Amino acid sequence: MEVWSVITSIIPAAIAYTMPLLMGALGGLYSERSGVTNLCIEGLMLTGCFASATVTYLMQSAGIGYNLAIVCGIVAAMLAGALLSVLHAFAAINLKSNQVISGTAINMLATALTLFLAQTITGSGNVTVLRGIIRQDIPLLSKIPIIGPLLFTRTYWTTWICLLIWVVSFFLLYKTSFGLRLRACGEHPSAVASAGINVHKMRYIGVILSGLLSGLGGACILATYAGEYNSTSGINGLGFLAIAALIFGQWKPLGILASTFFFGICMTIANMGRVIPVFQGIPTGYLGLFPYVATLIALVLSSKKSAAPIASGEPF
Amino acid sequence: MSHVIEMIGIRKEFPGIVANDDITLQVEEGEIHAILGENGAGKSTLMSILFGLYHADKGVIKVRGKEVHISSPNDAFDLGIGMVHQHFQLVHNFTVAENIILGKEGGFVYDIKSASKKIKEISDRYGLSIDSDMVIEEITVGMQQRVEILKMLYRDADILIFDEPTAVLTPQEIDELMQIMRNLAAEGKSIILITHKLDEIKAVAERCTIIRRGKLIDVVDVKSTSAEDMAALMVGHPVSFKVEKDEAKVGETVLEIKNLNVLNNKKVLGVKDFSLSIRRGEIVGIAGVDGNGQSELVEALSGLRKVESGEIYFNGKEITNSSIQERNEMGLGHIPEDRQKRGLILPAPLSTNFVIKEFYKEPYSRRGILNFGKIEEYGEKIINKFDVRSGEGIQSPAGTLSGGNQQKAIIGREIEADPELLIAVQPTRGLDVGAIEFIHKELVKERDNGKAVLLVSFELDEIFNLSDRIAVMNAGRLIDIVYTKDTDEHAVGLMMAGIKKEERSEV
Amino acid sequence: MKSKVANKPLEARKASPLLVSLSAVFLGIVAGAILIAMIGKNPIAGFDRIIFGALSNVRRVGNTLGMSTQLILIGLSVAFAFKTGLFNIGASGQMLMGGITGSILAYYLPLSMPRPLYLLIIILSSGLVGALWGFISGFLKAKFNVHEVVSTIMLNWTAYWLVYDWIQRFIVDPTIVVKSKPIEQAHTLRAGWLTDITNFSTLNYGFFLAVIACVIIWFILDKTTVGFRLKAVGSNRFCAEYAGIKVNRSIMISMAVAGALAGLAGLTYYCGYSNIMEMGKMPNEGFDGIAVALLGNCSPVGVFFSAIFFGILKMGRGSLAATGIPTEIADTIIATIIYFTATNVILANFWNGRFKKSFERKEEAIAIALSNQGRSGEDISSLSKEERRNLVKLGMPELKEKRKNEKNNKEAK
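Protein chains in written order, with my numbering: chain W, 1 to 316; chain G, 1001 to 1507; chain Z, 2001 to 2413.
If you are wondering where the hints come from, they were derived from the structure by calculation, not from laboratory data. Only a predicted model underlies this, so the values are computations on that prediction, with no experimental measurement involved. Glycine is no exception: its CB is placed at the ideal position from the N, C-alpha and C atoms. Keep in mind that the hints are not guaranteed to be accurate.
[Claimed, not checked] The calculated DSS-like cross-link candidates involving lysine-lysine, where the alpha carbons are at most 30 angstroms apart (straight line), are:
| no. | chain 1 | residue 1 | chain 2 | residue 2 |
| --- | --- | --- | --- | --- |
| 1 | G | LYS1374 | Z | LYS2223 |
| 2 | G | LYS1374 | G | LYS1197 |
| 3 | G | LYS1306 | G | LYS1500 |
| 4 | W | LYS96 | G | LYS1058 |
| 5 | W | LYS96 | G | LYS1215 |
| 6 | G | LYS1385 | W | LYS252 |
| 7 | G | LYS1385 | G | LYS1341 |
| 8 | Z | LYS2014 | Z | LYS2041 |
| 9 | G | LYS1266 | W | LYS304 |
| 10 | G | LYS1441 | G | LYS1215 |
| 11 | G | LYS1341 | Z | LYS2223 |
| 12 | G | LYS1267 | Z | LYS2246 |
[To be verified] Each pair of labels, with its calculated beta carbon distance range:
| no. | chain 1 | residue 1 | chain 2 | residue 2 | range |
| --- | --- | --- | --- | --- | --- |
| 13 | W | GLU2 | Z | TYR2107 | 37 to 45 angstroms |
| 14 | W | GLY281 | Z | PRO2174 | 19 to 27 angstroms |
| 15 | W | GLU2 | G | SER1114 | 57 to 65 angstroms |
| 16 | G | LYS1120 | W | PHE171 | 22 to 30 angstroms |
| 17 | W | GLY281 | Z | ILE2044 | 56 to 64 angstroms |
| 18 | W | HIS200 | G | LYS1266 | 42 to 50 angstroms |
| 19 | Z | ASN2248 | G | GLU1362 | 25 to 33 angstroms |
| 20 | W | VAL300 | G | TYR1483 | 33 to 41 angstroms |
| 21 | W | PHE279 | Z | MET2038 | 43 to 51 angstroms |
| 22 | W | HIS200 | G | PRO1238 | 41 to 49 angstroms |
| 23 | G | ARG1366 | Z | PRO2116 | 26 to 34 angstroms |
Isolated chain W, as found in the complex (with noise of 0.2 angstroms):
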């Protein structure tokens, strides 16, 4: 039974790699969807990873609780990055200039900021925090056979509230006039006007939307796997993936959810691949371009068929 250990020690894992991914995602799929290319999900978890790892190592620091300190990260991540994406809604919104050159700059300032703001708290470029989500199995849950291995074992909390919120994404967009109108206003804004709607409004809520829940998963990087914000590596260009994963799932919250589990499998192997049997041979240089070579080929086969937002990108 060595695979199936194999396959209990990649799921949980790659679960845990998913949900910042799938933040990321989720949180570009509201920007684009109401008509703002976002290609800023970098910085924007990349300032949620940092803003959780300040506040909670600050908060873990005084000698106030582990958990709450953990909470109170998350938030500050989700506000963080919320307030970086205003910058990139006034931007594309207001100003009308070109999104892709403003989501470049504020990747970049997200990266300088950030650095900046270590440097002075703690003297050099890292953020550490003393303690991360500690992973629990579900009570009942995790003893059904197979799924209770792979889904209800060592599981951390925030991979639920990820999950939640991607339940009420879909009913949301799908169910709500919220998102008719928010799916409107990225094919056709002037349709959206002309039915007495304010397209920059719902503009701004997409763009900011997608600050928190990337901030979210920027913090969910730093309290599950990471445990610091680090200054050489920063996220590695999981904003990226997000936004490849948001691409290969064709704007839709099922393809997303599967296209960035998909990913979160390459992370789990590229990261863990020393430990487990079958790649052990493969240099980690090699296991480390595993993703993005990954994601150039998902994005090749799903090239043909595009279905993005026909107005995204598009000034209004």
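Given the coordinates of chain W, work out where chains G and Z should sit on it, guided by the hints.
Structure of chains G and Z alone, referenced to chain W:
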């Protein structure tokens, strides 16, 4: 008489242009009131002000006698004003019902079932026959327009604005629309019809407000005023819409299309088994409603789209799979449908735009190095010959020119390249009468010089005025090809709806 | 032959790209100053240190130029792609690939080789490998419509891990296992005479390579049919396609050239400016190049000067340590500048608004002066420049008086 709408002394200025200058409009309850004016006369601006999309700089709006401030479409809806836009405001991948309720969903979690029921009721009452579960991109243009009408009725509008509603319809669909408008008026709705087509006004309207260059010219009673008089008021001088041309002197075949099949963007056949030949010295017009395969046909001819099967011959040589550049060099000129998207590089100066197809040839470049002197000389020649007016001559970025001058620049470029065949797609769309006359003359001149011209237009008048022969397209097929002198608009209209002559006689 | 010009009224002048860029720089510096002040330090002292660190002696100037070398090349790379409507944010990866190529060759080629031949080989090889890396993105865009921003980022990380592996495999320094073995001086781009005149700075032949690249790129873009094609595709690919230009081929060429320039930047960086490569380090310069290109308005001349400016910032920050200001302030300023360049509409509008106001004032002054001379009703646009200037001078005092009175009246009310 009670005025349901009064717009008094409306003025609206945009940077560099006064779109509306002291315009007054009075619409009576239950009437169909036309607003007539050329493209760019300020009709749409006036209606956008009434609909809350723009704000007037000066002037008063009264609805049912009460002065109102309309600052957004929502205010307009609340006053019972609805608008059918020229470019449909429909989300292509939403259903009919979703499009109709957008903005008036009735609750955060909306109930699409009860909305559909209400839509069906309204649709039945006015005879619109719409299935509310269909997705917009799968229904015909005529049906899309009825969805737009339903959108207004769903919002209980009783003042309905129609902005150039017939531009995309077949003659038969136009008749149906006119009937729908009469039904609506009979139910007590007041209708404002914006158009530059006189026969429509003659058909349905009671009174007509005429605007020219942003100014109110006159309000006339439609029954007692002739179409010619209205046209003269619209343009400012008597006009004849007939193009003067002699009998065609046709020569040998230039373009021959054999059993052509072309895929459209949805990967299904957009052009089906299409065969046609065009000879020197004639203008062949392709009539048909937008979206019946004309764009795909033209793109296949010009090399922009791959041919699925069939052959294209140009002066006897097969060009089915030739590159665009090869076709250009053989003498195929093309005035594209969308002048701003395809026809010009808007940020680039005119001189660049003029040599966009020729820059790699001598004398414009030698061994890969551009010769700006020659390029500019050539540019000067075109703007003088074709009277292209711009701020800074050949240095003006193409985007700074007016629509008419942009089109003249494209036509100048294509004609100056001395093509054997000129494909002109919608060459006068959105232009004023002066520019239209100029362009029509140029096309006829090409024909008289022994060139072949393929004209694609959605305006039947234009097709009839210019063409020697008319090929009618429906759903990607060639329905029939007829001599202009042997047919009339009614017959062509039926063919545009897909009904062939023989079939008709059987009915 | 005189061209036809529609009778156009005189207009207020418009903000030039240079003015907009300078404004962005100004705002970036202001933002930096605010940040420094926020952490309780003295901004003036900070900027003073930056200038000191970058320019205070020959050696520092040499180092700044050495730093600017890769910025020029990367800036050119981004600018070139941008002219074809492509956004190359994969310069970091292309740089790594160019750098590793140069480093491996430097390690294995015999020292006895004639130096000109050696230089030619490493320049061509790193350029070629960088071009290949860029070409992949262009190919994916042209054939599979994969957005170049996403693909270049993925290729950045692919390069990062490849280099991670290759350093270990081919050129590792046995004493420090995370770095490559330092390259012999004779196998770098350093030159004895440059080192001598700049007192052992990092300035190397790469700088001349960068300057030559500027001239070549300028020539290609502005004077040749190749540049004509690429720019046509960049400003309207639909029109270019319609005119018979092969759009996909242009995209691939453009990305390959951009990759080659970034590959050369990698060579100058790892085998000139520095002489080692570290494992697990993504070069930041790839992103700084975006700022260089945007600030330089994507013209080779603009790129040159903005690269020097950023070189000063990046080199000068090293001397900040004494003031206690984190050196990342420089990167923050750079990022802020890009944001303001991206949102240049706001800056252009600001200046256009000012110009318009001053223009209207002058018009009014002229009108007053004309009516004083009993020439009211004369067409202003028919006057010569000289005449206009004189009339402004004549009318201005009265206009000022008038404005003042109006203001007083308002206050009195």
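Now for the hints, and whether the structure bears them out:
For the hint pairing LYS1374 of chain G with LYS2223 of chain Z, the CA-to-CA distance comes to about 13 angstroms; that is within 30 angstroms, so the pair holds. In summary, the hint linking LYS1374 of chain G to LYS1197 of chain G is not supported, as the alpha carbons are separated by about 44 angstroms, beyond the 30 angstroms threshold. In summary, the hint linking LYS1306 of chain G to LYS1500 of chain G is supported, as the alpha carbons are separated by about 29 angstroms, within the 30 angstroms threshold. For the hint pairing LYS96 of chain W with LYS1058 of chain G, the CA-to-CA distance comes to about 29 angstroms; that is within 30 angstroms, so the pair holds.
Our distance criterion of 30 angstroms between C-alpha atoms is broken by LYS96 of chain W and LYS1215 of chain G, whose separation comes to about 33 angstroms. In summary, the hint linking LYS1385 of chain G to LYS252 of chain W is not supported, as the alpha carbons are separated by about 54 angstroms, beyond the 30 angstroms threshold. Of the pairs offered as hints, the one joining LYS1385 of chain G and LYS1341 of chain G holds, with about 25 angstroms between alpha carbons and a cut-off of 30 angstroms not exceeded. With a C-alpha separation of about 38 angstroms, the suggested pair LYS2014 of chain Z and LYS2041 of chain Z falls outside the 30 angstroms cut-off, and the hint is violated.
The straight-line distance between the Cα atoms of LYS1266 of chain G and LYS304 of chain W is roughly 12 angstroms, inside the 30 angstroms bound, and the hint therefore holds. This hinted pair checks out: LYS1441 of chain G and LYS1215 of chain G have alpha carbons roughly 29 angstroms apart, not beyond 30 angstroms. Between LYS1341 of chain G and LYS2223 of chain Z, the direct Cα distance comes to roughly 26 angstroms. Compliance with the 30 angstroms bound is thereby established for this hinted pair. Under the criterion of a C-alpha separation no larger than 30 angstroms, the hint pairing LYS1267 of chain G with LYS2246 of chain Z is consistent with the structure, at around 23 angstroms.
For the pair GLU2 of chain W and TYR2107 of chain Z, the beta carbons lie near 42 angstroms from each other, so the given range of 37 to 45 angstroms is met. Checked against the hint of 19 to 27 angstroms, the pair GLY281 of chain W and PRO2174 of chain Z passes, with Cβ atoms roughly 23 angstroms apart. Separated by about 58 angstroms at the C-beta atoms, GLU2 of chain W and SER1114 of chain G satisfy the suggested range of 57 to 65 angstroms. A beta carbon spacing of about 27 angstroms between LYS1120 of chain G and PHE171 of chain W agrees with the range 22 to 30 angstroms that was offered as a hint.
Between GLY281 of chain W and ILE2044 of chain Z the beta carbon distance is about 59 angstroms. The supplied range of 56 to 64 angstroms therefore holds. Roughly 32 angstroms separates the CB atoms of HIS200 of chain W and LYS1266 of chain G, a value that falls outside the hinted 42 to 50 angstroms. At roughly 27 angstroms, the beta carbons of ASN2248 of chain Z and GLU1362 of chain G sit within the given window of 25 to 33 angstroms. At roughly 53 angstroms, the beta-carbon separation of VAL300 of chain W and TYR1483 of chain G lies outside the given 33 to 41 angstroms, and the hint is violated.
For PHE279 of chain W paired with MET2038 of chain Z, a C-beta distance near 47 angstroms keeps the hint of 43 to 51 angstroms intact. A hinted range of 41 to 49 angstroms for the beta carbons of HIS200 of chain W and PRO1238 of chain G is consistent with their spacing of about 48 angstroms. With their beta carbons about 33 angstroms apart, ARG1366 of chain G and PRO2116 of chain Z fall inside the hinted range of 26 to 34 angstroms.
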